[in-house]
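There are 4 protein chains.
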Amino acid sequence: MNIVELRRDLHANPEVGFTEFRTATRVVEELRRLGYKVLFGDEVMRPSSRRGVPSVEQLTVAYERAKAEGANEEILAAMEGGLTGVVATLEGGGAGPTVAFRFDMDALPIVESHAADHLPQAEGFRSRHEGSMHACGHDGHTAIGLAFAETMTHVNFNGTLKLIFQPAEEGGRGAVSMVDKGVVDDVDKLFCFHLGLDLPIGSMSGGATDFLASTKLEVRFKGVPAHAAAAPEKGKNALLGAATALLNIHALPRFSTGATRVNVGILEGGSAPNIVPDSAKMVLECRAASYEDNQDLERRVRSILEHSAEMHGLDCDIAVIGEAATAACDRELVELAMREAKEIPFFTEQLESHPLGASEDATFLMRRVQEQEGQATYMIIGTTIAAPHHNEKFDIDERILPMAVQLLERIARQTLR
Amino acid sequence: MNIVELRRDLHANPEVGFTEFRTATRVVEELRRLGYKVLFGDEVMRPSSRRGVPSVEQLTVAYERAKAEGANEEILAAMEGGLTGVVATLEGGGAGPTVAFRFDMDALPIVESHAADHLPQAEGFRSRHEGSMHACGHDGHTAIGLAFAETMTHVNFNGTLKLIFQPAEEGGRGAVSMVDKGVVDDVDKLFCFHLGLDLPIGSMSGGATDFLASTKLEVRFKGVPAHAAAAPEKGKNALLGAATALLNIHALPRFSTGATRVNVGILEGGSAPNIVPDSAKMVLECRAASYEDNQDLERRVRSILEHSAEMHGLDCDIAVIGEAATAACDRELVELAMREAKEIPFFTEQLESHPLGASEDATFLMRRVQEQEGQATYMIIGTTIAAPHHNEKFDIDERILPMAVQLLERIARQTLR
Amino acid sequence: MNIVELRRDLHANPEVGFTEFRTATRVVEELRRLGYKVLFGDEVMRPSSRRGVPSVEQLTVAYERAKAEGANEEILAAMEGGLTGVVATLEGGGAGPTVAFRFDMDALPIVESHAADHLPQAEGFRSRHEGSMHACGHDGHTAIGLAFAETMTHVNFNGTLKLIFQPAEEGGRGAVSMVDKGVVDDVDKLFCFHLGLDLPIGSMSGGATDFLASTKLEVRFKGVPAHAAAAPEKGKNALLGAATALLNIHALPRFSTGATRVNVGILEGGSAPNIVPDSAKMVLECRAASYEDNQDLERRVRSILEHSAEMHGLDCDIAVIGEAATAACDRELVELAMREAKEIPFFTEQLESHPLGASEDATFLMRRVQEQEGQATYMIIGTTIAAPHHNEKFDIDERILPMAVQLLERIARQTLR
Amino acid sequence: MNIVELRRDLHANPEVGFTEFRTATRVVEELRRLGYKVLFGDEVMRPSSRRGVPSVEQLTVAYERAKAEGANEEILAAMEGGLTGVVATLEGGGAGPTVAFRFDMDALPIVESHAADHLPQAEGFRSRHEGSMHACGHDGHTAIGLAFAETMTHVNFNGTLKLIFQPAEEGGRGAVSMVDKGVVDDVDKLFCFHLGLDLPIGSMSGGATDFLASTKLEVRFKGVPAHAAAAPEKGKNALLGAATALLNIHALPRFSTGATRVNVGILEGGSAPNIVPDSAKMVLECRAASYEDNQDLERRVRSILEHSAEMHGLDCDIAVIGEAATAACDRELVELAMREAKEIPFFTEQLESHPLGASEDATFLMRRVQEQEGQATYMIIGTTIAAPHHNEKFDIDERILPMAVQLLERIARQTLR
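Residue numbers (this note's numbering), protein chains in the order written: chain P, 1 to 417; chain R, 1 to 417; chain A, 1 to 417; chain Z, 1 to 417.
Calculated from the structure, these hints are not laboratory results.
Possibly wrong hints are sitting among the right ones.
[Claimed, not checked] If you anchor each label on the Cβ, the simulated ranges turn out as follows: (1) V56/Z / A319/A: 39 to 45 Å; (2) D198/Z / D198/P: 50 to 56 Å; (3) K222/A / R299/R: 54 to 60 Å; (4) D180/P / A116/Z: 56 to 62 Å; (5) K281/Z / P200/R: 41 to 47 Å; (6) Q370/P / D198/Z: 31 to 37 Å; (7) H154/A / E352/R: 31 to 37 Å; (8) A319/A / P200/R: 48 to 54 Å.
Just so it is clear, CB atoms sit at the ideal spot from N, CA and C, and this is done for glycine as well.
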């Protein structure tokens, strides 16, 4: 398996959250070929726990495309409707702990750059799916996962190796459905990681801090239309309710206990200038430095939404479309990761911790493991990037790919003894 | 009884709503002297149905002042706390209907003009109670009521003559307490009237239209204080709730069914720049051309108040401090009044109807009479005024006083036969 | 010319405002054939005075469709971009006044009913352009205009007959561009009319009252995007500005001088939950019973829009996309119309006036004529309708078509003498 | 001079900001007696640079009370109107630097506890001025200042010793007027300090961090009154403007650069339920962890205030009534202070820095000194407190008073050499 070729193939075929049909079927096939026991579809996800599932149309288009491009139809069938998670296990020679590694697979809804100085363009592996792009490095994560899987088939170990290929990390939409299915309930040690962020190639951090807990909500206000001139009092005005909610959500107090954020990112409502608007859609998010503050903030946001609706006689339907928690990395795993990295000359710098300053739903996997007395960490594996994450010219330094595999292998050898 | 002297005495001693202690005790004494059966205090008012009762301090100051100025203490005692309504009845020689006349007695919280060209100043009967003023003509109404009472003692009639001296008409605060006590439950015909408005002396209208139904509310928002820098999230911000309510109340839809009004007239809250404000008081009113629209509007206002409070975790206490309804004048009484006015040469113009365009709580008395198959009207008896109603230089042309008495006498003779 | 066939052809080929390419080319061809002098395109419209012009895409689709269906390409070329107005003149035998008649041609963006009991469906002349429909009777207006044009070629008269075929009446978008081009500057008498409204067949009104002045605005707020978690203070939030404007526009005071209306009918802004929204579009309208009050209201709305934008550092672009004025009908023309209708036995009822209670941009044509000492009226020619105006099952009683032509002919004979 | 008696006398006679007439005259007298050159009144303050000056009535009451209690009338006269600052200098034996120490003198508008377990109550030095209280330890600061002044008269030193007794620290109202007068323009080293905060007795910190920059504003909205039913459109509604400002100020974005705070603490407006409110007063504050962010925040707040007013046709008058900056302590002075404290056995703990987490207008004095290449620090001198600062039962452990004097003396000896 050529890891760079693999990564470039994934890069050229980006699939956004819950539509990773081509990616996930390929992951299943490779893992099966390597001798892993592989579960996928509703064996590893609780469908109702997914957040922000795309529309049936979007799911169908992506599904049919994957089928048309030759994806294995038997595997594909089990993933229909967006059940694109995969979990593989390999049993070691003797009894031992269960050690899991998590890889996320989804791309972003971004149009990739056509610029000549953008390497994927120059070298011919730019996105073939216009409007989707691997602009966060998950193509690298998945490639590392498969190469690591292959490597481990040559290693003698005890216990159980578990590889978790997660869909829909972006927006915090996929992890909870795997947690709720029990995927990490038997895990003793969990290693998550991300390439890049702002660590350069050669640098790594054994742990991460400053996860922002967050919740993304989609809200539907439903009122009653009326002719705005002939009978305005007959209407129930959805935009009056939405505007009131918008102002009051932003006016929620700052917290003395840590940073918080609120943002109503989208508001769309009404149909014509002379009709009292009877519906409105709002998409918003709140974040906080602590999980508890974010829960408090979400509770306040919901109260404002509901009462803003009720004061104008509106119905208000609130759906969670994304979520992330905070998590603390276990010192023991952090130090183990640093120690193993030190053994690889390529890694010239080992940090104990690096601030993430963003949201990650791996935190839900980590929390579940820790709740059951297991340990978890979130490593940052530096790679010099061509442009910031989520930018149309984002690209990684591919030299990190085999090095990351080597690091994971060393960690696995140490923990599966 | 010299009606002009009487009116000037009342003018010089104005008492605002529910503090008409001197006025009402004098009314009782005169009526008793004339041989009427006189009820007052809680015999003619349900205390809990009063709206916008002044503070205990204000009531006490006015009460003590009346006592100090020699008001009859036995009568006064029954009026303590603001029970200043009076109802007198005189039985005729034979069986017959009950015909009632209503006179309102209260003054306004206005500083009367000291200008030399203001007649009460020039002739020495300007307000002795600085800050209170008869700027709406109720001094004239009360004087007419007493002179009419005297006149009727010389008239032979059948049935029952009922004279209702009502407190606190201004703001719509006194009538409901008399209605709820049943004061007009036995009335067959009810005549209400107002001097002036925009009819000149010599003109009269047998009926009125365009009463505006209205409700005045006093609202208390109660939250939780907190240091605005040290722990803003601990506070529950009463002013955020109040400001949200204020904007949304004004943003309520116009009605296609007729004119409506809303006004948040007063908002006061908070204590210091660095404290999250934990309380706020709001005083507001709504009005509508129809009683039903005003009830609909009030319901919407209350919903906004309650949900604006709840969205910020506040308690919200809403009290009605004033109310008026609409009413329709019965054609038969309108025509009777016009006919009788025509018999008095002084009245050179008799209108069938004149728009009031304001609120009047006599409407509650009228509605109750009409609900019980009785009839009612609201006459406007023109008098040329020196300045608009509620102006510091308001004054009436006193020549109307004996003429109004004559008109009432003629009406009474016609209806009590 | 069979007027019913003509109307049904127009009904089957509805074109919304400024896309009346097929309709207007046909109008030009017919009028030329009849010997009228015909002007169109920028000869009769000032392009920049049009309101709410459709997008280039919409204009192009409609234009190409008309061309594909065989519309005269030479005429069509002059109308490109939406210049679909037509004005025809016919000179009489001797000197005399200029008398104009106005016909509006546009359809509505409504999906016409497929119900079997909907006559156009049953008889095969339902809309061929899915999503557009003649649901206000302008197909009838145009058919009447052409049949009337033909009739007048057989009549001896003095002076000048002027026929104005106006685009885009719906939303108040087309008349001003014809006024600004001077189309009615030489008109002595102007007759406008509408079929139906709530007068039944056989009834007509010589004039109309209760036009609502109105203005429709499209507003673009432009701010600065920013990551809502990483740097919220870098953003300039377009939705905060828009929500503030929305609440305050609805909170504008009621007017004591007459009915007013405001409605923010559409608000759309933002792009993603984690991006500070940098743009928003708002579509709104205000209306008033008087032209002056509507101007006052529009001025207040604009002030709120501009300051709501500026307080959040936003740019705010306001475009008028529709407008209507009020107008008063000249008594002389009203009476003339009633008199002539009386001569036609079909018209069993002639009213002096009927309330419109809606907005009409013919008022701009009427006002211009009256400013120049001419006279104008707006007649309502009753026809029993199958469902309300703007409803998917709207249809007229076609018997009115030849009768309306007869009425216009009589009016023309009387005025062009 | 018995420092405990002195502090208790000041404690019993608390005077709020700009009314420290008794306190400041006493300070002048003592310093004169000790041989200092003493300036006060407008010699050391620019009157127009004061923030939040009390009303003339409040100033007069306090002034007359001080006079009645025997304050030196000649000194008092120079302080009339609230010019209660005092600056004293003592020249050393030879040339040398100018070293200044700052003491604040004002009390708080708090009712002091009557509880038996409150030491000032138990020992008879509770506030004699009901409603004012030394609840922040400035009585101790002033006592330390005078005792230190006496001590220094026995010390041989070079250069100039400068003692600054500042009025109105609370709310950030007094320092700027002394800075603007040039009081610290010649200062080479400035030492400020505060007792208590959350350091216990025996502990001290040579410097402080986490000053919150803040601005307090008083805003007057001025509109036009109108009868809310008869002519609502004639009014310009001050409360609509104020409520809009209130919501939008609270809705200002969080900053990614550090903590911020906003609070509209007081809003009062309107006069009666049936009058469109024509005036409103708002008192608010904003704060930020950096001076620049606070300036940015204040600029945004002002923009919202102005545009909220203008959108409703209101005038808006904004006055700064309090202000504080941030400041950084100079390492050299911090270390010197720690070193000297270490020499006094009483101080068992010397910290380099302690977070203030509050606002202090000494920062303006510090910034001015540093701008002119001088050095400044803000020490925290621990003392165990009976209740939190600004609490009705606040009290200090008086054992710190002579120890603090000793520390200042050591610092002065080191710096004035």
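Status of the hints after comparison with the structure:
1. V56/Z / A319/A: 39 to 45 Å: Violated: the Cβ-Cβ distance is about 53 Å, outside 39 to 45 Å.
2. D198/Z / D198/P: 50 to 56 Å: Cβ of D198/Z to Cβ of D198/P: about 36 Å, so the range 50 to 56 Å is violated.
3. K222/A / R299/R: 54 to 60 Å: Check failed, 40 Å falls outside 54 to 60 Å.
4. D180/P / A116/Z: 56 to 62 Å: 60 Å, holds
5. K281/Z / P200/R: 41 to 47 Å: Since K281/Z and P200/R have Cβ atoms about 43 Å apart, the given range 41 to 47 Å holds.
6. Q370/P / D198/Z: 31 to 37 Å: 33 Å, holds
7. H154/A / E352/R: 31 to 37 Å: The hint (31 to 37 Å, Cβ to Cβ) is violated, given that H154/A and E352/R are roughly 56 Å apart.
8. A319/A / P200/R: 48 to 54 Å: 52 Å, holds
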